Amino acid sequence: MTTRTRAATFALAAAVACNQGLEPALAPTSCPQGFVGVCGTVSFVGQVPESTAKLFVVAFDTFPKSQNDLFKFKPQPSPPNLPLGGPAFFYTLPLPPGRYEWVLAVWQKQGTLSPANADSLLRETGFYSDKGDTTEHGSGIVIVNPGTGTDSIDFVVDFNTMHRVCFYFPPCP
Amino acid sequence: MKRLALPAAALGLWGQVLGAQDAVVYGTVHGESVGPLRSAEVVVIGPNLGTLTDRGGKYRLSRVAPGVVIVRARFIGYVPAFDTVSVAAGDSVEASFVLRPSVTDGLPFVVVGPVVVTAAKRSQLLDQAITSVAVVSDTELARRAVNTVDEAVDKAPGVQFLYGQVNIRGSTGYVQGLGSRVLMLVDGVPANQGDRGGINWDLVPLEDVQRVEIVKGAGSSLYGSAALGGVVNVLTRDIAPGFHARVRATGGSYANPPYDVWRFRDYAGAEEGLDATGSYGTELVRASVTGGGWHSDGYREQDRRDHWQTAAKLDWRPLAAMRVTASGSWASDQYETPLIWCTRGGCDDRGQAYQPFMIDTAGRGAFTRSDKGYVSLTLERTASARLAWQARGSWLRTRFNDYQPGNDDAGIANRFGAELRALAHPAEGRVVTVGAEGARADVTSDIFGDHAQNEVAAYGESEQRVGRARLTAGARIDYIAVDGGGLSAVVSPRVGAVLETSAGAWRASAGRGFRGPSLAERFVSTVVSGLVVIPNPDLHPETAWSFELGNAARIAPAVHADAALFWTEAHDLIEPNVNLSTGQIQFRNVARARLAGLDVSLAASPLTPRLTTALAYTFLYARGLAHDTVPERPLAFRPTHLVTLSADYQWHTVSAGGDFRYTSRFERVELYPGDERVAGKVLDLRVGVERGPLSLRGRLANALNYIYNQVPRTLAPVRTLSVTLTWTY
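For the protein sequence lines, the chains are L and X, in the order given. In terms of the working numbering, the first sequence opens at residue 1 and continues consecutively. In terms of the working numbering, the second sequence opens at residue 1 and continues consecutively.
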């Protein structure tokens with residue numbers, strides 16, 4: 001190996017090595033370029049319950065017609081978290097292109113979640129409604145187009161008005 | 001000293017080491033221009049009869065079986081030397097060595113010259129193996145100053161670790177420890193976990209490891225289940241006669257995050273450890289004991305770990321042609337579990353999209369205790385010049401307790417194994433290996449239930465020399481029964497050939513591998529993200545055909561090259577299947593995959609009189625083939641390019657070197673495909689100095705503090721400075 005070849009080899013190695021890895025990234029305030037899904041701002045009302053495990057945001061392409069349909073949420077398997085209260089928060093929810101009938105925040109109580117105890121551990125805490133009506137689900141149709149994000153899917157998380165699963169699929173025990 | 005190009009026939013003929021009366025081989029080992037070398041290793045290859053030189057560089061190997069034997073002498077910083085001597089019953093023969101200084105012996109993973117490889121269930125020259133084999137020597141382990149075996153093996157050509165999960169040519173990907181497609185052996189004894197089928201890399205203290213052999217490609221024709229993608233054989237040290245001791249103290253520090261916005265603590269994390277080994281041996285009985293532990297603050301939030309370990313080995317040689325070895329180890333880890341890193345809203349995110357050093361608040365308090373241990377007993381007997389046999393039994397036990405907020409899991413698993421193996425030389429140029437193996441795995445766990453799996457197998461392989469070629473053919477049949485149910489059979493054939501030419505040694509092989517489903521995959525019953533994971537007792541083994549064409553050659557006096565084309569077709573791969581209609585996850589035999597590529601390694605030893613360099617490159621084409629409604633797509637967590645550059649410089653007793661590993665960005669990942677991901681570019685630097693019985697080694701791992709992750713939302717180790725002081729008596 002010649003000196004020139006040796007030097008070139010080391011220079012190449014050094015150049016490759018000096019490239020940066022992961023870097024800090026500010027949370028976006030609008031859908032990032034190339035992002036596919038929905039984005040928006042969540043505002044918080046009320047006191048966070050002490051038994052809170054987490055709060056997350058999901059979407060359903062059709063409104064669930066039974067408890068079993070609750071598992072057809074997107075994205076799978078782990079939807080993005082929301083903070084537990086505080087100032088308004090900009091969220092991004094990666095979703096495949098399509099039509100979504102329900103974008104909502106779900107509060108989860110501490111405990112091991114299973115279909116059998118979903119009613120006691122999960123609450124709907126707020127959802128998107130394009131009419132500004134925060135009480136009627138199904139009024140916030142969201143379209144996600146290929147290759148782009150859908151902005152301004154804003155809604156309110158109200159810890160004072162959370163709904164059990166049986167609220168949607170009665171009767172409540 | 002006679003330096004020989006060993007005649008091909010000589011290797012693999014350790015069956016010739018026999019006889020009713022013992023012989024003695026004695027001599028001295030000197031370093032060129034430095035005089036006698038103390039603690040140089042001298043071994044008779046094959047029966048693994050070994051010793052260390054005394055203060056005067058003298059050694060004496062008694063109880064050598066008469067016949068033609070190969071004696072090897074080696075010492076850190078010197079080129080190993082070999083001699084072939086003929087000893088008669090009751091005779092004594094001198095074999096003295098003068099070793100030439102070089103860094104060759106420390107050359108990472110590509111060892112020039114005759115190397116004995118036992119990973120094919122018998123001794124043979126490295127270049128005579130029909131599949132690719134990488135070797136990590138004890139010199140390399142010491143030079144790297146690492147704590148566990150996986151840290152040293154990680155940079156072997158074609159090998160990549162993903163958060164403790166080993167990949168040989170992309171075999172496994174990342175499946176969170178469930179079902180490794182690589183079989184781990186400890187001195188030839190299978191050591192994959194009985195419940196999950198995963199590997200505990202800290203099972204054997206690094207202090208006790210002599211070397212590691214990595215066999216690439218399907219190895220099920222000899223080793224059965226799990227050897228789908230390859231075999232990693234961890235070989236423990238032979239015990240030398242006399243009293244010997246070694247104490248190793250390690251201290252280190254982790255770099256802080258390179259950006260203030262990522263800071264998560266106001267002090268520098270540290271690690272510290274202490275190991276001690278003592279051994280005493282006579283010509284008849286030898287024993288060693290190792291104990292130690294280490295603590296680490298970790299390099300990220302909730303990452304503290306304590307590790308304790310002990311190991312022992314007893315070697316009894318009642319006859320020259322008989323050896324009984326008992327060994328065992330126990331290790332315990334108590335560690336905080338840093339689960340996944342925090343994303344926006346999951347912690348004090350400081351306005352960031354993600355915080356790689358912090359964890360999601362939902363995972364706070366997660367903790368794991370993991371205990372594992374094994375014992376094994378091996379009897380080796382050379383019955384005649386044409387026949388040697390070996391019998392062994394083993395017991396591996398693992399126990400875990402996962403403490404997670406609102407979700408605690410626990411399990412105890414056992415794996416019992418037994419094997420009877422014979423090595424015969426029925427005719428000139430022919431070597432036959434036959435054996436039978438049995439194993440039982442059981443588990444008691446709240447998530448895996450109470451279950452057991454029994455396996456019995458028979459295998460045979462024959463090598464015939466024909467002119468300059470060696471032809472190999474063999475097969476193994478495994479019967480597997482779960483919970484006392486019906487037997488299912490798997491046949492794993494393998495054929496291969498090695499042809500020695502002026503252009504090097506050409507090798508070709510085709511073999512079938514398989515992996516039986518782990519008890520965890522069959523019977524897991526738990527809840528993940530609200531989805532119920534249900535068992536699937538009907539899982540059947542996944543299989544693969546592996547093909548390889550390779551060449552090993554010396555292309556210049558100081559340059560050794562090895563290249564291999566490989567191709568694997570995998571069927572019925574076991575993957576989790578998510579059914580959103582029912583809210584259930586179940587492991588199923590669903591996937592087909594193709595893994596093909598090229599492995600190339602070049603070693604220049606030396607490039608200049610004091611400098612040794614090595615280059616290894618793997619190109620990997622890994623595709624999951626279309627099945628059901630899933631289209632063809634890249635296999636997750638497989639890099640297309642894997643490059644390793646190594647260099648070591650030696651000046652008298654001082655050495656300095658480093659490795660650079662480039663891993664191309666994964667084309668596809670699972671769980672969080674939308675996350676930003678980068679290529680891996682990791683530079684490790686090392687220095688060392690030897691003075692008498694002391695050795696001081698420094699290591700700067702990930703010297704550039706390159707921030708990256710390879711498994712979902714799990715930060716890879718940051719820059720870590722460690723210093724290791726070793727005292728050897």
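A portion of the hints provided could be inaccurate.
[What the hints assert, rightly or not] With the C-beta cut set under 7 Å, the calculated list includes, among others, these residues of chain X facing chain L: (1) 460; (2) 707; (3) 708.
[As the list claims (entries may be wrong)] Some chain L residues near chain X, calculated using beta-carbon distances under 7 Å: (4) 24; (5) 54; (6) 114; (7) 117.
If you're looking for bench data, these hints aren't it; they were derived computationally from the structure. A quick note: this is a predicted structure, and the numbers were derived from the prediction, not measured. A virtual CB, placed ideally from N, CA and C, is assigned to each residue, including glycine.
- [ ] Of all the hints given earlier, name the ones this structure violates by number, lowest first.
- [x] 1, 7
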